[in-house]
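A.B. asks: Keeping the supplied structure of chain A fixed, place chain B upon it in accordance with the hints.
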Amino acid sequence: ILNVEQSPQSLHVQEGDSTNFTCSFPSSNFYALHWYRWETAKSPEALFVMTLNGDEKKKGRISATLNTKEGYSYLYIKGSQPEDSATYLCAFYNFNKFYFGSGTKLNVKP
Amino acid sequence: EAQVTQNPRYLITVTGKKLTVTCSQNMNHEYMSWYRQDPGLGLRQIYYSMNVEVTDKGDVPEGYKVSRKEKRNFPLILESPSPNQTSLYFCASKGVFQPDTQYFGPGTRLTVL
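Heads up: the sequence lines are chains A and B, in that order. Quick note on numbering: the first sequence equals residues 2 to 111 in the working numbering. Quick note on numbering: the second sequence equals residues 928 to 1040 in the working numbering.
Quick caveat, the hints were computed from the structure, so don't treat them as lab data. Heads up, a few of these hints could be off.
[Unchecked claim] A few chain A residues facing chain B, derived, Cβ under 7 Å:
#	residue
1	45
2	47
3	50
4	52
5	98
6	99
7	101
8	102
9	103
Small disclaimer: the values here were computed from a predicted structure and weren't measured. Yeah, the Cβ is synthetic: ideal placement off N, Cα and C, and Gly gets one too.
Okay, chain B solo, but in the shape it has when bound:
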């Protein structure tokens, strides 16, 4: 089954404790992306990757890091989480040729105390 998986699905942590949210896709997609969703705001792009070792900032990259060492994986790293990073996070992937549908993972709900 074609899918995007994320782990963990729920996480409660404390300020300053480094964490990683994993994302994996099995569709051989070149493009992968991370979004955050906050009440009253639309989805906002954090980082995206056009292919292995190619990453770039979205609209809200501050406080986040990413890496793309393998095509299928695109982890999101919070080196020193803060309460304002409490949010619902989605990973997504798509091919690079138009028109290409973007597929979303199930989401990770993160709470930073």
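Chain A on its own, in the form it takes in the complex:
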């Protein structure tokens, strides 16, 4: 079983703060890294699929970077809003299997 770790486990920020989380994964046999946003009582929703070392993806105020050589990815949220409150999951994909981290739970206070 591959180990995918996310930190921190939870984060409380004020509206307008910028924040970032980390996803660590094995640096060998890399194929893809997925990021998801998971709101309470809903299902996970894809944010990014990252495949190349040095990749940087952006969607609105959310962006992600990827370092496959050292086995980590960062997710950044600029100017957090209360609607950004959710759990953010990363998943390492290789040999047709997904390995999920346990997530970072973000709470943005108005």
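C.D. replies: Quick look at chain B alone, frame taken from chain A:
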């Protein structure tokens, strides 16, 4: 609308009574997968399928069966459910060419008494 559907959404059953959770997708995706989510743990993959009649084990396959007779459907079968299979289950699908987004169904909350 592109979607993954699961049924039932909620199920309470008793130990040993066989059950099936259905999953269907309308995006013509080759890859389909089942996950379970338990408190304090991340999503864990139960089984996945690369295409019709091609299925393989994920990390936690014990106690589950799957079949893929049609491209759109991927049912999860619990032949003899036990209380430790009480969990939130998600079905998901994606294409097989990178980068391919994985789409999740709404989830099925199963309680085994």
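A.B. asks: Compare the structure with each hint and give your call.
C.D. replies: Status of each hint after checking the structure:
1. 45: The hint holds - residue 45 of chain A has a Cβ within 7 Å of chain B, the shortest such distance being about 5 Å.
2. 47: 4 Å, holds
3. 50: 4 Å, holds
4. 52: This hint holds: residue 52 of chain A lies near chain B, its Cβ roughly 5 Å from the closest one there, short of 7 Å.
5. 98: Since the shortest Cβ distance to chain B is 6 Å, the answer is holds.
6. 99: Interface hint status for residue 99 of chain A: holds (5 Å vs cutoff 7 Å).
7. 101: 4 Å, holds
8. 102: Holds, about 5 Å.
9. 103: With Cβ-Cβ at 4 Å, under 7 Å, it holds.
Going through the hint list in order, the structure satisfies each hint without exception.
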